[in-house]
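> Listed below, chain by chain, are the residues.
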Amino acid sequence: MAKRETPLLDQLESGPWPSFVSDIKRAAEARHKNERNVEYQIPVDVCDDLLGVLELSYQDGTTHWKHGGIVGVFGYGGGVIGRYCDQPENFPGVAHFHTMRVNQPSGKYYTSQYLNDLCDLWDFRGSGLTNMHGATGDIVFIGTTTEQLEEIFFELTHKFDQDLGGSGSNLRTPATCLGQSRCEFACYDTQALCTHLTHEYQDELHRPAFPYKFKFKFDGCPNGCVASIARSDLSFIGTWRDEIRIDQEAVAAYVGGEIQPNAGAFAGRDWGPFDIQKEVIDLCPSQCMSLEDGKLVIDNKECTRCMHCINVMPRALKIGNDRGCSMLCGAKSPILDGAQMGSLLVPFIKVEDNYDEIQEIIENIWDWWMEEGKNRERLGELIKRQGFQKLLEVTNIKAVPQHIQEPRSNPYILWREEEVEGGWDRDINEFRKHHAR
Amino acid sequence: MAKRETPLLDQLESGPWPSFVSDIKRAAEARHKNERNVEYQIPVDVCDDLLGVLELSYQDGTTHWKHGGIVGVFGYGGGVIGRYCDQPENFPGVAHFHTMRVNQPSGKYYTSQYLNDLCDLWDFRGSGLTNMHGATGDIVFIGTTTEQLEEIFFELTHKFDQDLGGSGSNLRTPATCLGQSRCEFACYDTQALCTHLTHEYQDELHRPAFPYKFKFKFDGCPNGCVASIARSDLSFIGTWRDEIRIDQEAVAAYVGGEIQPNAGAFAGRDWGPFDIQKEVIDLCPSQCMSLEDGKLVIDNKECTRCMHCINVMPRALKIGNDRGCSMLCGAKSPILDGAQMGSLLVPFIKVEDNYDEIQEIIENIWDWWMEEGKNRERLGELIKRQGFQKLLEVTNIKAVPQHIQEPRSNPYILWREEEVEGGWDRDINEFRKHHAR
Amino acid sequence: MAFISSGYNPDKPMENRITDIGPRDFNEFLPPVIKKNFGKWAYHEILEPGVLMHKAESGDEVYTVRCGGCRLMSTEHIREITEIADKHCDGYLRFTTRNNIEFMVDSKDKIEPLKEDLLSRKGPGGDYKFPIGGTGACITNIVHTQGWIHCHTPATDASGTVKATMDELFEEFTNMRLPAILRISMACCLNMCGAVHCSDLAILGIHRKPPMIDHEYIDNLCEIPLAVASCPVAAIRPSKAEIVAESGEKKTVKTVAIKNERCMFCGNCYTMCPSLPLADQEGDGIALMVGGKISNRISAPKFSKVVVAFIPNEPPRWPTMTKTIRKIVDAYAKNANKYERLGDWAERIGWEKFFEVCDIPFTEHVIDDFRDPAYYTWRQSTNFKWTHGVEDFANIKK
Amino acid sequence: MAFISSGYNPDKPMENRITDIGPRDFNEFLPPVIKKNFGKWAYHEILEPGVLMHKAESGDEVYTVRCGGCRLMSTEHIREITEIADKHCDGYLRFTTRNNIEFMVDSKDKIEPLKEDLLSRKGPGGDYKFPIGGTGACITNIVHTQGWIHCHTPATDASGTVKATMDELFEEFTNMRLPAILRISMACCLNMCGAVHCSDLAILGIHRKPPMIDHEYIDNLCEIPLAVASCPVAAIRPSKAEIVAESGEKKTVKTVAIKNERCMFCGNCYTMCPSLPLADQEGDGIALMVGGKISNRISAPKFSKVVVAFIPNEPPRWPTMTKTIRKIVDAYAKNANKYERLGDWAERIGWEKFFEVCDIPFTEHVIDDFRDPAYYTWRQSTNFKWTHGVEDFANIKK
Ligand code: SRM
Ligand code: SRM
Ligand code: SRM
Ligand code: SRM
Ligand code: SF4
Ligand code: SF4
Ligand code: SF4
Ligand code: SF4
Ligand code: SF4
Ligand code: SF4
Ligand code: SF4
Ligand code: SF4
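Protein chains in written order, with UniProt numbering: chain A, 1 to 437; chain B, 1 to 437; chain C, 1 to 398; chain D, 1 to 398.
Isolated chain A (complex conformation) (with noise of 0.2 Å):
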């Protein structure tokens, strides 16, 4: 029986949907029953207690959560989100309800022993709530109390070879799309380098030296699986140099309807028969394929790598060989002055074992920001501050026309004085004699 009753609650337990209050239900009435027989190190009713706050939640239409407070665990600036209820005395069970983030494995592939691991610690130590996964990408442990803070990271470290994500001011826990590791599209080991940066800038990750919160995505291609574009601070995006490889046999096979376009993505609607000329060529926004003799063409200097003849007939035109990334700064939410995706800073990057060109970057970026962000400020914001000719300067990189979707329709530019002839300092009284007032 639960130990509160949540009638509009209950209205989320129909429907096709995983309804996630039968879930936290059937867990509340786990840890009633307790079958494996856990010493559990918070109040055994935590599940009936946030569903009693969430109950409340949905009665008065507002949040029972108060403020964090700085909870975590030593030495660490991050990792640990704190959470107190604003009515303790009437939801005891997560009177504390702090959110611990565990460095998700990079493309979030597990074995069940391990899972099942952690869902003991965290039966044992915690609510037994997570989220899989937080939208940064961590596994989340959603729900303990402050004094079990620091044994879940001792156990996390010692018994699972694990260490905590990211949060506040700091390195957050970088993510990634599933890469080589199942898909034909990524033009390079995103899961590698992902893993490379994370381990190389642990202390970036757990002690706050930013000027606010600074993030990794990566992506194996421009389709954008892992969203880096919108959501990382430096997102890492595959892509190739040379040409988009070709085979014609399986293009035919595809104009003759033997295979179906999109890897047969659309198939549940009858959307006619394949038309290559109008769902492939006139779809190709540089409009740089043909037909000859039934043979399909790509002009690939004007081919932008936008994926989607690629996506179409995924098995007759494939990435070109001479591949990379491209590296793009300063994603954000629109907190405080409006959304920003990433700008493109570098076209092209090889991404090979030595990581030493990308580091260099990206250590150049926060040698920057760290000097001259203000409190709060991401890079974007940075960026937009201080102007993209900055970045380019602090990173040693030429201004390139990559860098522009279209160049100013403004002509205020910032001259610099050694770039003018003569420089700036002239005598009023010289002009003067030429110039009467």
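Some hints could be false.
Said to hold, decoys possible - Have a look at the derived ranges for each label pair, beta carbon to beta carbon:
hint	chain 1	residue 1	chain 2	residue 2	range
1	A	P92	C	N335	50 to 60 Å
2	C	F3	A	D117	18 to 28 Å
3	D	A2	B	E89	18 to 28 Å
4	D	T252	A	D427	11 to 21 Å
5	D	P238	B	D427	45 to 55 Å
6	A	K398	D	R262	19 to 29 Å
Derived by calculation from the structure, the hints in this document are not laboratory data. The structure presented is a predicted model; accordingly, all values stated were derived computationally and were not measured. In this text, a Cβ means the ideal position worked out from N, Cα and C, and glycines have one as well.
Let chain A serve as the given structure and place chains B, C and D with the ligands on it in line with the hints.
Just chains B, C and D with the ligands now, kept in the frame of chain A:
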């Protein structure tokens, strides 16, 4: 013989394009010859000295004109731009060199008689140099002395039945495309509306009461031959709300090659035979045209009246019958905050003999701008500063989706208290009863 | 409940301490077929909604069955997942970037038993614990945030709005019949942890009442200069107030004053200072944004746009919200071209038509008035379409 | 030269005064065939470059011959125009919105004699006084401004740069062989009286040195607070300076100080205050902007963009400038589609290709860094084309 050597300017006498240098030299000579026996009221060598000062600028790469100072005619706050040379001793003929703006007739048609008379006046009392026309649209008399200003004004009003145009912080001389006088695309009588409003607002034109300049321009159709959308604080652009009229026989004649596309505007190059699909249907920005059984069909409710198809086939396609204009506001040059084009305020308004509705909009805008506009703040800047919503409020116009190109991508909505249930006044202590600190 | 130590000694925190070891190496967790063919995939096929086949250059195949995940999940649920993985997938599984669960098998015949097992698992209210779908031209899982489950700034709930929406759109999860993928995201406040700023359809919690000021406590709980500096529109200034304290005592305190008519309800001050709460039952609710995208396919990534400025919170099922979403999805499904994302469709037909076709009332609130870039969203052209009534000036006069 | 009064009495300015009568009624000036068919035109044809035929519904025809005007014209030149109008056009004529002259006749046989007459009139240096052209897919006259002829703020000359450019492009004036109209405008300072902000190609005078400060005079000649307020980037602040006056006397004066590194050379301070001159032989020169348009045809109006940030002033013929313009015009003429305006072409091929195809070096100065909207001009996409060298990271390292 020229009064001065102008070796640099002389190099602008060659080349096929009309040479302003040759013209000024000729004028200088004519003044000296004085075949018409004019009793010149300003120095006879004004043109020589102008060439001299210009040659000096060509040598030293800087202007030799000083700030204007306040000159003008009694009771008017505009129409004259004061100008003095910064080397009056060397160039006494242009020591004073003020311009007068003479309000051109709508559409810039003239009789020889009228122009000749103006020439007589200007030879007599000024430099004989003009701009036909200034960028705003005026006849510009370039170069006279302060004493001549009232004399010229007196003669203009008494003998020419002709007034000055605008300058300073007032309504500027309105201008129009030639409209119905010679163009089949004109959706309303631009010249009549221009003339009417110019007369109606003589006071605003001559007596600065505005925060800054204000311009009207009138385009008969979206082709925009007087560039109103870029150059006027309030722009009137003809349009229609019914259907494009189609003459299918003429369509067939275009398709058959009997009539040249676009009235022959592309005749200087071999573009191949006219291809209605490629040149019209495929280029229609709203993709609302098709050929059905050889007949051209337009889905008029999707048409954006961009004029392309009509421009290409003026004998086959004609503007609709139910005509009027759109009104856009806020266009301006980049000083101070970047350039603006006019933003659509009124999608459609009839332009009948009675212009009351249009004037109401104009006056509502002026009232607001005069109340709220800062010194030297153009209407466009005020709209930016106070928001498009404010413009709608003062003009009593409802928000319609035509006002925008796209909805806002930020969620920073300025709700007003009266829109929010329960208002904004809340009791923190009441709140704290349910939400502990 | 007795405290059981992990071994951590609070008096000697550095003793035995392990730090900065980072995440586990992903290679440990890759299923054998994935590991073997890493970086050597040839192509893929979607066999049916929710079922993918990836073919390796070696000829190997891996079959993936994708299931809706509700992200906020208990260890009970995770254990059920691992149980399934153990049973069908040699103990391997993964989660997607949109919180779905992927079960992978290495031969075709393993698919049917797996699917059957998955679909047989239902909750007490009849929900599928593991609905299969989310591939191809569909609506996949909703990326979302904490809401009333855990956060202090939400203007609505996350899990509840998501459940209500996915119930409404369930058929689109299990089918692939849309013109293109349609990605929905949810964020419970303007911080947008759900990164709703670039989704085809976004559910966003918004506040509409300026912060209350807890005069008596603000000077103790917050740094007043930080609170003042936090406001992007400079609506907050330092001030003093005469108050009657809880104790009954009258006193003058250092506090702030807020120019309410300037406030744009962003909540940034509250993030910085707990003495400035915004939340309110009537004030809070939902804005819908549409037309964003992430992929570079055909068109560049773009931002979502606000098309419905406010829908009241109607827990537990937010019917007005789900009905409005349904209208948009249906209009899109019916009218867009194949491969055309929602935002590309709206741009092609023109946003003025979008409002008409989706039958959404246009309000002045969706006109941008935030900073300089607002200007670029107004219409600087005479190129627009007529929509009902607009061609008559009398109709658009207030 | 004796002063001859118009009748105006300076002692009694209101005597006999006529004001506010506005312009003359345009109806007085319409040629009869125009007046008769006003508002009843059926269609038009361009018979050859510079020659238009407008057909009225009545069947009447009016033939227009368009001639290049150099706008800055003397009464001598105007009298020559009226003489021509008297001879061929019953004393009627008009000017276009781009300062060309139009001679209209009401029957076809009057065209040839008119044309012959026009083309026979040449200046001493061999220039055509009345070149015929400016219609259809051509480069018509350049809208421009005062320059060194009359204004106090120019950074270059107007008439000279225009003459040099039109000489270079003369063939494009007398032909109709471009992909679409190509409109060139010229403005001699950032005030942009030539409204170059939306032209296919724009010549813009720019300063590159911050204002000098005339400390000794500024407090007398200007209102210091106005000067301070005039600066859009707040580079100017009130200050004091110790100076040695022209008289030799040392004194402390009220003046302003300018943060040079903030200055963007807009010249607005100088417009407000003559004691802050910017002009400089080496500092001043020309920027080229391209890709703007006005008409709503196919695409919406758009702004011109800076593609060449600086070309030095090279009077009298500005060869670097004209050569660069020629490169752009040629590349456009060769590559664009029929009906495609320059800006639409650049957008279609991508601005990165524009720089390559036109062989214009890309510099950081054309990257926008002015206020918030700058962001929207950067590239938020991976969709771009390779141009020479860019695919190699080593090449783009400074
Ligand atoms: C847990 C998580 C939401 C979730 O349910 O998944 C989350 C939760 C919070 N975010 Fe977030 N953010 C989370 C991913 C994001 C993302 C998405 C992403 O990283 O891809 C964004 C948008 C991308 C970005 O970084 O801009 C995001 C943008 C914000 C912002 C706005 C930042 C900005 O510059 O505009 C804030 C405000 C702040 O930092 O004060 C914020 C703040 C917060 C805080 C800490 C609330 C606060 O104001 O202090 C939230 C704590 C909630 C709680 O009680 O647990 N969160 N936050 C996500 C982290 C889980 C994880 O580690 O995996
Ligand atoms: C004469 C003319 C240029 C020409 O050669 O044709 C002209 C000349 C001047 N303009 Fe202009 N403007 C002229 C049309 C324009 C236009 C074009 C138009 O009206 O279509 C514009 C751009 C459209 C606009 O209004 O924004 C224009 C935008 C400016 C500006 C910038 C205004 C802004 O809001 O950005 C200024 C600066 C100012 O007002 O202080 C300005 C200022 C000036 C001043 C008065 C210089 C000054 O700073 O005081 C110039 C006097 C020059 C002189 O010595 O004669 N002029 N000015 C044009 C008027 C002739 C006429 O009446 O027909
Ligand atoms: C599993 C996952 C990556 C991961 O690391 O977890 C993934 C996997 C694939 N994506 Fe994705 N995408 C995944 C999130 C995304 C996202 C991110 C997001 O939505 O937050 C995007 C960007 C969405 C956007 O633009 O707003 C994304 C945009 C694409 C596209 C571009 C689609 C388009 O029309 O714009 C493709 C190409 C396609 O579908 O043909 C693609 C293609 C693919 C392919 C076909 C790649 C491959 O060869 O295997 C994979 C199966 C597609 C399918 O499900 O139909 N993937 N894909 C993610 C599954 C999410 C889910 O559970 O539903
Ligand atoms: C005479 C004039 C109006 C006037 O009141 O003086 C005029 C007259 C005509 N214009 Fe224009 N336009 C005139 C300035 C303009 C301008 C304004 C400007 O350039 O400052 C524009 C906007 C330019 C822009 O978009 O930047 C303009 C954009 C058009 C267009 C749209 C062309 C396009 O491809 O975008 C058309 C339609 C066409 O050419 O087919 C058009 C069409 C016409 C037609 C065919 C209208 C007609 O049926 O008579 C006229 C003859 C066109 C020709 O010359 O080929 N007119 N036309 C102006 C001649 C200027 C000149 O001396 O060269
Ligand atoms: S981003 Fe590209 S490489 Fe990565 S999973 Fe998506 S399609 Fe594959
Ligand atoms: S990747 Fe995109 S741009 Fe390149 S050829 Fe294919 S469809 Fe065209
Ligand atoms: S704007 Fe339209 S109506 Fe006016 S002249 Fe040009 S084409 Fe004709
Ligand atoms: S006017 Fe423009 S939008 Fe309308 S049918 Fe013609 S080409 Fe299409
Ligand atoms: S979106 Fe806002 S309310 Fe929701 S989790 Fe993020 S910070 Fe909290
Ligand atoms: S909610 Fe935002 S806008 Fe309102 S006072 Fe707080 S910080 Fe300022
Ligand atoms: S553009 Fe500048 S310099 Fe040229 S006339 Fe106008 S104000 Fe004077
Ligand atoms: S030129 Fe412009 S930016 Fe420079 S000081 Fe003067 S007003 Fe300021």
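> If a hint holds in the structure, say so; if it doesn't, say that too.
Results of checking the hints against the structure:
no., hint, verdict
1, A:P92 with C:N335: 50 to 60 Å, "54 Å, holds"
2, C:F3 with A:D117: 18 to 28 Å, "21 Å, holds"
3, D:A2 with B:E89: 18 to 28 Å, "24 Å, holds"
4, D:T252 with A:D427: 11 to 21 Å, "20 Å, holds"
5, D:P238 with B:D427: 45 to 55 Å, "47 Å, holds"
6, A:K398 with D:R262: 19 to 29 Å, "25 Å, holds"
The structure shown violates none of the earlier numbered hints.
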